[in-house]
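Student: So you can see what is in the structure, the chains are spelled out below.
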Amino acid sequence: MYVLEIDALTKVYGRATAVQAVSFQVPAGSVFGLLGPNGSGKTTTMGMALGVLHATSGSVRWFSEPLSEATKRRIGAMLEAPNFYPYLSAYQNLERVAAIKRVAKSSIASALAETGLLARQHDRFQTFSLGMKQRLAIAATLLGNPEVLVLDEPTNGLDPQGIVEVRTLILDLAARGKTVIISSHLLDEIEKMCTHLVVLNKGQVCATGPVESFFGTAGRTLIRPRPETTTQQLRQVLGGLPWVTDLQDEGNGYTSLNMTSGYHPGDLNMALFAQGIVVSEITPVRRNLETQFFALINR
Amino acid sequence: MLVLEARKLVQYRTAAGVLLLYVVLFFLYVLEGYKLNQPVGQAPELTYAFPVLWGRLASTGSLFSLLLVILFLILTTDDFQYRIFRQQLIDGASYGKLLQIKFFDALLLVVFALLTTGVIGLFYALRYGANPVPMATSLLPVVFGAVQLVGFLSFALFIGVLVRKNGMATLLFFLYIFLVEPLVRNRVPRNLASLLPSNILFTLTPSPAVGITQLNMQAPLSVLPFALAYIGLFWAAAYLLLRKQDL
Chain A
1 MYVLEIDALT
11 KVYGRATAVQ
21 AVSFQVPAGS
31 VFGLLGPNGS
41 GKTTTMGMAL
51 GVLHATSGSV
61 RWFSEPLSEA
71 TKRRIGAMLE
81 APNFYPYLSA
91 YQNLERVAAI
101 KRVAKSSIAS
111 ALAETGLLAR
121 QHDRFQTFSL
131 GMKQRLAIAA
141 TLLGNPEVLV
151 LDEPTNGLDP
161 QGIVEVRTLI
171 LDLAARGKTV
181 IISSHLLDEI
191 EKMCTHLVVL
201 NKGQVCATGP
211 VESFFGTAGR
221 TLIRPRPETT
231 TQQLRQVLGG
241 LPWVTDLQDE
251 GNGYTSLNMT
261 SGYHPGDLNM
271 ALFAQGIVVS
281 EITPVRRNLE
291 TQFFALINR
Chain B
1 MLVLEARKLV
11 QYRTAAGVLL
21 LYVVLFFLYV
31 LEGYKLNQPV
41 GQAPELTYAF
51 PVLWGRLAST
61 GSLFSLLLVI
71 LFLILTTDDF
81 QYRIFRQQLI
91 DGASYGKLLQ
101 IKFFDALLLV
111 VFALLTTGVI
121 GLFYALRYGA
131 NPVPMATSLL
141 PVVFGAVQLV
151 GFLSFALFIG
161 VLVRKNGMAT
171 LLFFLYIFLV
181 EPLVRNRVPR
191 NLASLLPSNI
201 LFTLTPSPAV
211 GITQLNMQAP
221 LSVLPFALAY
231 IGLFWAAAYL
241 LLRKQDL
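Those protein sequence lines, which keep their order, are chains A and B.
Sequential numbering from 1 applies to the first sequence in the UniProt record's numbering.
Sequential numbering from 1 applies to the second sequence in the UniProt record's numbering.
The set of hints was computed from the structure by calculation and includes no laboratory data.
One thing to keep in mind: the hints can contain errors.
As the list claims (entries may be wrong) - Below are the PhoX-like pairs computed for lysine-lysine, each with C-alpha atoms no more than 25 Å apart in a straight line: (1) A/Lys105 - B/Lys97; (2) B/Lys97 - B/Lys244; (3) B/Lys165 - A/Lys133.
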């Protein structure tokens, strides 16, 4: 089941196309990342999904329905910077959010406690650090206990301590069964938090799917034979395998290679053993998200 | 939400400053300005006497209500600047609800203006007036003054939603009221000129130099339907504009 289905969403500003035919689905219970460089269309896509930007074409469905006031009450969202009155206190700002969401005031204290702001609830928003402002925005999204949280760049501008705090909070919310949609240009954050991902670049979808699929099986494999096998013998045998390509000597007895899709380290081990070569190590080198990301956006 | 808006106004230093300025200037103007602008042929002790005082206060209030208009423009454009409209829409508010909240702001400013007028009127009438008995009918100019303020606030809302930026919105508002419309009035037929919005709204309050015998409610009564129509038009235009815009 999907909580959000975006189909061929397009946004045109004059002659510039900010988002072009973007389509993806967000599975229920996932931590879904929108990843892309600055200006890739992440915020515009989320703005259209949340109904504050008018789509030029395409459709958005939340919980299999068009966006409505009723569906909005099932979503807690912040877009770009935290949006509050600077001269009101944290509590007073959340009072206003609670009134709009038609949520009891009693839930404000728990949202503030959850985000670690209870002790500062009567301080003005303008006196808050960037991290506290972000946490207050998350507290606002928590009001009404929504099923889905949409957080745009939630760790933007935070120090390492703040990033860890926000990440822990998001993972904790996800562990409680909430679907969390996060947009970010920070690969590390997305890699650490997300279960699913869509990569946007220049307003278009480059790839989408579970995060594991981005690390891929098409990475290189490192192999080290037992000392009695020389590198030359190894290369000779490997060279005879049609599904092994791009052999490279990595030093220290290691050789790296690529395998054609469908073949696995076990196949390699069996093939070498059949030729009388015993290996002491075969390591698939997983691509990290950064490698994949740059491969996708430079495609 | 009305209570939350009232609290917001009190907490906002800019708003509190403008409201304080409004009261102080209004009070001082009635104290000193009325002596200087004594209507010809009117006994000095009648300056602060009912029923003419209400008419003069409505007229003076009309002058200072422009301060309240500036404040309302700030409050409206703030909601764009701080992205409050956008967040409220995300949180589940309808476009109508966004304008309802602005209506509460306008209502609070009108109530504040009425209370200020009432307190200043009673203070001066009881202290200096020859006939300190307010007559219910003589309150009509104050009511028309309130309608006038609602009209200007409605126009300010429209400008604020159209322009979104505080400085530009304020500039555009005053340019229209004091430059564009007077120029247009000179170039269109008289009957059409009299129907232009700021002309209609200014007609709702008597001239500042009104004397006790000159208090005439015919003109405001005749333009009242047009004023109400303009108020409705400005709110409807603001609603449509808000709906059409990306927030």
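Student: When the hints from earlier in the document are held up against this structure, which numbers fail?
Tutor: As far as the earlier hints go, not one is violated by this structure.
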